[in-house]
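**Student:** Given the structure of chain P, go ahead and fit chain F onto it with the hints provided.
Protein chains in written order, with the working numbering: chain P, -9 to 120; chain F, 51 to 152.
Hints were generated in silico from the structure; no laboratory data involved.
Hints may contain errors.
Where chain P lies over chain F, by a calculated footprint (3+ residues, C-beta under 8 Å) [as the list claims (entries may be wrong)]:
| id | region |
| --- | --- |
| 1 | 52 to 65 |
| 2 | 71 to 77 |
| 3 | 136 to 149 |
By construction, the Cβ of each residue, glycine as well, lies at the ideal position given by its N, Cα and C atoms.
Spelled out, the chains give:
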Amino acid sequence: MEEIPEEYEGGIVKKFMYVNRRAPHGTIYAQESLEVVLVGAAFDQEVSIVFMDDGVYQILKDQDTSAIGTKNFSKTFRALEMYDVEKLYVERESMQARGISEDDLNVPVEVITSEEIGRLMEQHDVILSF
Amino acid sequence: MSILHTVNKSPFEKNSLETCLRIAMEGSSVLFIEDGVYGAVDGTSLNGKLSDAGNRLKFYALGPDLKARGLSENSVMNCVEVVDYDGFVDLVVRHDATYACL
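Okay, chain F solo, but in the shape it has when bound:
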């Protein structure tokens, strides 16, 4: 079993990302969308937490949402893979269920 967790809020405003990291099990994925993409950016105070969780989780960020916010694909952490809308759909299909951590 694996869950796709989507995070759509800035981790500096809401605790959604923190909650996700707390409950996401080995083999699950976290996809950063909308304001959630700020959580994927390299050089923030959250990088340590993401790196720690990177051993058991996969991280993805939605490209169009990065672009809209002036963030390039190179601005996210190395452990984060940037996907487009088709990639988003693939992720949903590849996991057993999706939890939108609002």
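Just chain P, same shape as in the assembly:
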């Protein structure tokens, strides 16, 4: 077996950006994204999550799925901090278009512009789309 170079002994850490652009309960994308985020975090990778377009609906407060019989994974976003996932970003333009303010969200986020998202994207090694 090939020897692992010394500098990789602690594992290779890459910067992952997860881009969420879909509403939470109509399709499985949002929930799957969250699963993958947790996997990445479990492997000590650097994780940023971006919510834009309908993805901003994923982190609205007061979601209650009891009457549609699906998992209310919106609560999991609040637990991300325990996995050292603290970089959550929301696109300002998407919030404005949907009449959403920061008070409507159930997790602390950084609200940034499209341009800032573009710049942030360039600082990541891997970009995953959901």
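**Tutor:** For chain F alone, kept in the frame of chain P given last:
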């Protein structure tokens, strides 16, 4: 740094192209694939948006996907370069990261 943005949905059905154009930075590229190629066609209502972004971005469309949809290489806007599968691979290699804007 530069990002290759791929768009695989028709801009008349989904907002992927619009989102891409909003976040793509100077020096990045947009590659139209699958149903995304409809966004590269000349004479649509989207031409203005593409022309505006053409100053800072490069546009490519995947030839096999155009052909499959009855669109010739001449049917895309002048600012769009048609590439084959090898060209797709070259684009991926030439950029620092790829964002598949689904």
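**Student:** For every hint, state whether the structure bears it out.
**Tutor:** Now for the hints, and whether the structure bears them out:
1. 52 to 65: With 3 residues closer than 8 Å to chain P, the region 52 to 65 of chain F meets the three-residue bar; holds.
2. 71 to 77: holds (count 4)
3. 136 to 149: Satisfied; 4 residues make the cut.
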